[in-house]
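Here is what each chain is made of, one letter per residue.
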Amino acid sequence: MLKNKILPLFKLQIVSYAFTALLLFTVCFFVHFGREAHSSKSWEYVLPGGEDLVYWSYGKGRIMTPRCDGNPFYFEEQGTRHIIPWTTAETIGLISKYAKIPFSWFFPAWHILAPFLTWLLIVLCCWKLWDYPLSASAAITYFLLFSTLFHSHQMIQWTLYRFSRPLDGIALLFLWISLVFKGNRNNKIHFCASWLVPPIVLWLHPYYAGFGLWFTVIEYVRGLLKNKNASKFDLRFWMTVSTFIAGFSFIGYAFSGENINPLVLFGPTKPSFGSPFLNLLTSFLWLAVVWGTVLFFKFSFREKTTPLDFLTVESAIFLVWVCWINGFVVPKTELIVHLHYFLVPMIFSMTGWVYEKVIIFKKSGYFSIFSKALVFLTILVLTLSLVIKENLIFCSPPYFSIKILQYFFIILVSVWAVTGFDFLRRLTTKKGLVYGLIIAVAVAGHWIIPLNPQNRDFPFAGAFQWLKKNAQEKEVVLTASRKYRFCDYLFLKTGLKSYYNDYGSGNVFIESPQAKFRVVFYTALLLNRVDKIRHLEALSLEEKIHLVRLDYVLIPIPSPFYNVVTRQLQGFLKLVYQDKKCFLWKVT
Amino acid sequence: MKFFRQAIPTVLFFLLLNAAAFSSEDIGKAIRQENETPDEKDVEPYLILGKKIIAQDPQSIEGYKLILIHALFTKNMNAFLNTIDDFKEQGAPEPEIDYLAADMLYLVDYFGLALLKLADFEKAWREKYAQK
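If you're matching them up, the sequences are chains D and W in order. Going by the working numbering, the first residue of the first sequence is number 1, and it counts up by one from there. Going by the working numbering, the first residue of the second sequence is number 1001, and it counts up by one from there.
These aren't lab readings, by the way, just hints derived from the structure by calculation. Please note: incorrect hints may appear among the correct ones.
Examples of chain W residues toward chain D, derived with CB under 8 Å [claimed, not checked]:
#: 1; residue: P1045
#: 2; residue: A1055
#: 3; residue: P1058
#: 4; residue: D1103
#: 5; residue: Y1106
#: 6; residue: F1111
#: 7; residue: L1115
#: 8; residue: L1118
#: 9; residue: F1121
#: 10; residue: E1122
#: 11; residue: K1123
#: 12; residue: W1125
#: 13; residue: A1130
Glycine is no exception: its CB is placed at the ideal position from the N, C-alpha and C atoms.
When you get a sec, could you build the whole thing from the sequences and use the hints?
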């Protein structure tokens, strides 16, 4: 069977490419997480960051009884869920539960398969729907995906790493947009995909559904206005219908059950996202660049407006719309925080668009003028960088549109160089060189990703083993350390609850009296002020300790809080576990 | 008259010097009881005296405490947090300055910020004492 059925498959270019990609992403997994394991001295504690811990915890919280994916960290918040489902995390939890697969096995599976499937689906879209050569699609997709690893903006740098968003939706959104512009109503696969993709994207990633619907509706209306005899029931019509049907099911979910307050969607915007006015202004700047280019080609070269023109202009208008909404209509929404989710689809469409325009220049006879203008622009940007002592090409400004402009500049120069210089073009046809370059970029990108400092020589591994054997289900542990506030692994590794952690006390969990007391007591404990908590002077220490459930106290060694914690809780602590890295006391 | 003109600043100076040693609870209580932000000129002496003490002894936690009291009284949290960063650049004792800031924030009910400062404190403590 192997010889007759499986091996011949590898003669197909796409199969051999896919197999190679799977191997490459597996190597990348070991490059990065091998370093994390070396740092933490265990493969158990290798999560890249606190947000990953939260989303894996949502997955685990989904399979607890009662479900606690709303806030898996706190005993008192059991039975809640989020108004927006973390579908990937929850699905993984449910698969783990019903297929009896250990939950931790999904960690390597996710970090290898998610980037691989993203790569594969984007390659298939570029090849089958946009008609680019397969080899070029494969190589460019590698380079663009890996380029995120080198970005100076942390959230963009984590695009291929963060569980589960945005990676779980990027390729499907790409497929959605590709179907909008290149789909064929008479193709059965396209028709089925047009019904399936929007609901899946909506449930996986509501932000992406908004982005996809934007193009779908605009292109549908534009198609009707352009050709009044065109079928009113084309793919884009059915995609809009399926999105709205999925939207109703989504709303049904959101307003039933023990939901967490929808305010979770409207958390305060961090100041690092810049002034709303400049956000809007820079988005207009990007729109002007795009629209100006399209008009220039239309009127100077008498070129027809292409689907990539529409895609790029419409995504630039989307950006303006988001910046306007965020800055002036519903200020301080989470939308602006998540703009980086749209970076990957935008840079892919931009690459195709830039290539299309540069090729027109190349054929027109004006290429030398274009080259001189680009070289002049490059010198100008580099000189300006030297003068103001800020690398304008690779710096990370708070404004998303500037990041897009930076990418635009890099892609423009790269495409121009490969198109304009024969020796560079010849190099791109040498397979060995391209393979080597892809591997080098992949390994270098995964090597430079910063390690999670909380994993370094992780101190609680022994205590967690003890707790797993001896603690009762859902007992509460107070970790007297601020170092592990984002990544203490307690719930994920033991299923036990935290007395306090920063995610558990996120913006929607701070209103109840219990939640307020929890923060006050925890802060007071670390500041040696438990005996003087305001308004609670009448309560004894024992009453304060048991006002919110508390069963264990865990502290790393060494710790600046060891003395204050043991002194204040003297008489209530019984040492149950100790090793070189931590103390664990039972609260009596 | 001349005697009184000289005596008043001296008395004020000693009173403020004592204020530096006031318990933080008193300060927190005073700040919480303020319904309105006091005039800048009312709390200006804290700032002046604090700066004077630090000029003489850059490691004096009491001097920093006075300036932080001024920042808290003016109810400008950005100024408060920026002041701590400035102190660190000027060579204020770390990690003690973060613990002091956390304590003062706790006393005026800014628990979230107090916890952030405690995180800074633990980080600085580990860098100074634990990772040698």
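So, going through the hints one by one against the coordinates:
A hinted interface residue such as P1045 (chain W) counts as satisfied when its beta carbon comes closer than 8 Å to some beta carbon of chain D; here the least separation is about 27 Å, so the hint is violated. A least Cβ separation of about 29 Å between A1055 (chain W) and chain D goes past the 8 Å threshold, and the interface hint is therefore violated. A hinted interface residue such as P1058 (chain W) counts as satisfied when its beta carbon comes closer than 8 Å to some beta carbon of chain D; here the least separation is about 23 Å, so the hint is violated. Hint status for D1103 (chain W) relative to chain D: holds, with the closest Cβ pair at about 5 Å, below 8 Å.
A least Cβ separation of about 5 Å between Y1106 (chain W) and chain D falls short of the 8 Å threshold, and the interface hint therefore holds. Of the supplied interface hints, the one on F1111 (chain W) holds, with its beta-carbon coming within about 5 Å of a beta-carbon of chain D, less than 8 Å. Interface hint at L1115 (chain W): satisfied, since its Cβ lies 6 Å from the closest Cβ of chain D, which is below the 8 Å cut-off. For L1118 (chain W), the interface hint holds, the least distance from its beta-carbon to any beta-carbon of chain D being 5 Å, beneath 8 Å.
Hint status for F1121 (chain W) relative to chain D: holds, with the closest Cβ pair at about 7 Å, below 8 Å. At a threshold of 8 Å, the smallest CB-CB gap from E1122 (chain W) to chain D is about 5 Å, leaving the interface hint in force. A least Cβ separation of about 7 Å between K1123 (chain W) and chain D falls short of the 8 Å threshold, and the interface hint therefore holds. Annotation: interface hint on W1125 (chain W) holds; nearest CB of chain D at approximately 4 Å, less than 8 Å.
For A1130 (chain W), the interface hint holds, since its Cβ comes within 8 Å of a Cβ in chain D; the closest pair sits about 5 Å apart.
When held up to the earlier numbered hints, the structure conflicts with 1, 2 and 3 and fits the remainder.
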